[in-house]
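Produce the complete structure using the sequences and hints provided.
Spelled out from the first residue to the last, the chains are:
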Amino acid sequence: DVKVTQSSRYLVKRTGEKVFLECVQDMDHENMFWYRQDPGLGLRLIYFSYDVKMKEKGDIPEGYSVSREKKERFSLILESASTNQTSMYLCASRTPGGRRGSYEQYFGPGTRLTVT
Amino acid sequence: AQSVTQLDSQVPVFEEAPVELRCNYSSSVSVYLFWYVQYPNQGLQLLLKYLSGSTLVKGINGFEAEFNKSQTSFHLRKPSVHISDTAEYFCAVTRPVGYNKLIFGAGTRLAVHP
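Going line by line, the protein sequences match chains A and B. If you count the first sequence from 1, position 101 lands on 112 in my numbering, and the numbers rise without skipping. If you count the second sequence from 1, position 78 lands on 141 in my numbering, and the numbers rise without skipping.
Derived from the structure by calculation, the hints contain no laboratory data. Predicted model, so just to flag it, every value in this text is computed and none were measured. Each residue gets a CB set at the ideal place from its N, CA and C atoms; glycine is no exception. Hints are supplied without guarantee of correctness; some may be wrong.
To be verified - List of simulated lysine-lysine pairs, BS3-like, C-alpha gap at most 30 Å: (1) B:LYS164 / A:LYS29; (2) A:LYS66 / A:LYS14; (3) A:LYS81 / A:LYS64; (4) A:LYS29 / A:LYS64; (5) B:LYS121 / A:LYS14; (6) A:LYS66 / B:LYS132; (7) A:LYS81 / A:LYS24; (8) A:LYS64 / A:LYS24; (9) A:LYS81 / A:LYS14; (10) B:LYS121 / B:LYS132; (11) B:LYS164 / A:LYS82; (12) A:LYS68 / B:LYS112; (13) B:LYS112 / B:LYS132; (14) B:LYS164 / A:LYS14; (15) B:LYS112 / A:LYS14; (16) B:LYS121 / A:LYS66; (17) A:LYS64 / A:LYS82; (18) B:LYS164 / A:LYS68; (19) A:LYS68 / A:LYS81; (20) A:LYS66 / A:LYS24; (21) A:LYS82 / A:LYS68; (22) A:LYS14 / A:LYS24; (23) A:LYS14 / A:LYS64; (24) B:LYS112 / A:LYS82; (25) B:LYS164 / A:LYS64; (26) B:LYS164 / A:LYS81; (27) B:LYS121 / B:LYS164.
Said to hold, decoys possible - The calculated label-pair distances, taken between Cβ atoms and stated as ranges, are: (28) A:GLU33 / B:SER115: 30 to 38 Å; (29) B:SER115 / A:THR26: 16 to 24 Å; (30) B:HIS145 / A:LEU52: 24 to 32 Å; (31) A:PHE31 / B:GLN108: 47 to 55 Å.
As structure tokens, then:
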């Protein structure tokens, strides 16, 4: 079974703090994703990475950065946390695409971040 | 660009009744379609997917969905729901080419009552 783990289930930080959210997958997937989930908005893509040290902005990258130094680990960084970044953050990794791919994304349990 | 509309934000239903969760998508190119389920305080889990072939797709936990290209819909159904099906359900779409970003709908909260 694919396992995607996230470093914290719940996190409380103060405005202006630097926040690191860690995600690790054990299936050697090349593609990894960070989403935020807000009621009524579904999941919105923040950043994704298709290989080590490679990253692409998603739909809402402002206020976030990412790091992918190893294939299994994808980190989301909030340089200076703000209250409007209070949300549920979900990490995912994905099976290959292409002709034999299944395109399935596997999700971690999520980190509920509260910024006060 | 693709987009997904889940037509109901909440669906209340009694146990053992049938349920349909509606999903419409828009895209100028062919797409792959997915339904994910999120139980309380958990991440998302894949229920089923349509990539090609038969338009009726069967998934886990007795769910199925039908891809209707002419109506651009991918509705999720279950003939008899259980209390344990109470969860949030997300429809998602992606293109078969490129980096394959998943575009999610806003979600439908299914509440099964005894």
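Hints, one by one, checked against the model:
A distance of roughly 27 Å separates the Cα atoms of LYS164 (chain B) and LYS29 (chain A); the hinted pair therefore holds under the 30 Å criterion. Pair hint LYS66 (chain A) plus LYS14 (chain A) holds up; C-alpha atoms about 22 Å apart against a cutoff of 30 Å. Proximity of LYS81 (chain A) to LYS64 (chain A) is assessed by CA-CA distance (about 8 Å); at most 30 Å being required, the pair is judged to hold. Taking the CA atoms of LYS29 (chain A) and LYS64 (chain A), the gap is near 21 Å; set against the 30 Å cutoff, the hint holds.
Between LYS121 (chain B) and LYS14 (chain A) the CA atoms are separated by roughly 24 Å; this keeps the pair inside 30 Å, and the hint holds. For the given pair, LYS66 (chain A) sits about 33 Å from LYS132 (chain B) by alpha-carbon distance, which is inconsistent with the 30 Å threshold. Proposed proximity of LYS81 (chain A) and LYS24 (chain A) is supported: the alpha carbons are some 26 Å apart, at most 30 Å. With a CA separation close to 27 Å, the supplied pair LYS64 (chain A) and LYS24 (chain A) stays within the 30 Å bound.
Taking the CA atoms of LYS81 (chain A) and LYS14 (chain A), the gap is about 16 Å. The hint holds against a cut of 30 Å. Of the supplied pair hints, the one linking LYS121 (chain B) and LYS132 (chain B) holds, its CA atoms being roughly 17 Å apart against a limit of 30 Å. Pair hint LYS164 (chain B) plus LYS82 (chain A) holds up; C-alpha atoms about 19 Å apart against a cutoff of 30 Å. Distance hint between LYS68 (chain A) and LYS112 (chain B) is fulfilled; the C-alpha atoms sit about 25 Å from each other, no more than 30 Å.
Of the pairs offered as hints, the one joining LYS112 (chain B) and LYS132 (chain B) holds, with about 15 Å between alpha carbons and a cut-off of 30 Å not exceeded. Between LYS164 (chain B) and LYS14 (chain A) the alpha-carbon distance is near 20 Å, which keeps this suggested pair within the 30 Å criterion. This hinted pair checks out: LYS112 (chain B) and LYS14 (chain A) have alpha carbons roughly 20 Å apart, not beyond 30 Å. Of the pairs offered as hints, the one joining LYS121 (chain B) and LYS66 (chain A) is violated, with about 34 Å between alpha carbons and a cut-off of 30 Å exceeded.
Taken as a hint, the LYS64 (chain A) and LYS82 (chain A) pair is honoured in the structure, with Cα atoms around 9 Å apart against an allowance of 30 Å. For the given pair, LYS164 (chain B) sits about 11 Å from LYS68 (chain A) by alpha-carbon distance, which is consistent with the 30 Å threshold. Among the hinted pairs, LYS68 (chain A) with LYS81 (chain A) is consistent with the structure: their alpha-carbon atoms are about 19 Å apart, no more than 30 Å. For the hint pairing LYS66 (chain A) with LYS24 (chain A), the CA-to-CA distance comes to about 26 Å; that is within 30 Å, so the pair holds.
With a C-alpha separation of about 18 Å, the suggested pairing of LYS82 (chain A) with LYS68 (chain A) holds against the 30 Å cut-off. With a C-alpha separation of about 27 Å, the suggested pairing of LYS14 (chain A) with LYS24 (chain A) holds against the 30 Å cut-off. This hinted pair checks out: LYS14 (chain A) and LYS64 (chain A) have alpha carbons roughly 21 Å apart, not beyond 30 Å. A distance of roughly 26 Å separates the Cα atoms of LYS112 (chain B) and LYS82 (chain A); the hinted pair therefore holds under the 30 Å criterion.
At roughly 18 Å between alpha-carbon atoms, LYS164 (chain B) and LYS64 (chain A) fall within 30 Å of each other, so this suggested pair holds. Between the alpha carbons of LYS164 (chain B) and LYS81 (chain A) the distance comes to roughly 21 Å, so the proposed pair stays at or under 30 Å and holds. This hinted pair checks out: LYS121 (chain B) and LYS164 (chain B) have alpha carbons roughly 23 Å apart, not beyond 30 Å. Roughly 36 Å separates the CB atoms of GLU33 (chain A) and SER115 (chain B), a value that falls within the hinted 30 to 38 Å.
The supplied range of 16 to 24 Å is broken by SER115 (chain B) and THR26 (chain A), whose beta-carbon atoms lie about 48 Å from each other. The given range of 24 to 32 Å is respected by HIS145 (chain B) and LEU52 (chain A), whose C-beta atoms sit roughly 28 Å from each other. For the hinted restraint 47 to 55 Å between PHE31 (chain A) and GLN108 (chain B), the CB-CB distance of approximately 26 Å leaves it violated.
Violation of the numbered hints given earlier is confined to hints 6, 16, 29 and 31; the remaining hints are satisfied by the structure.
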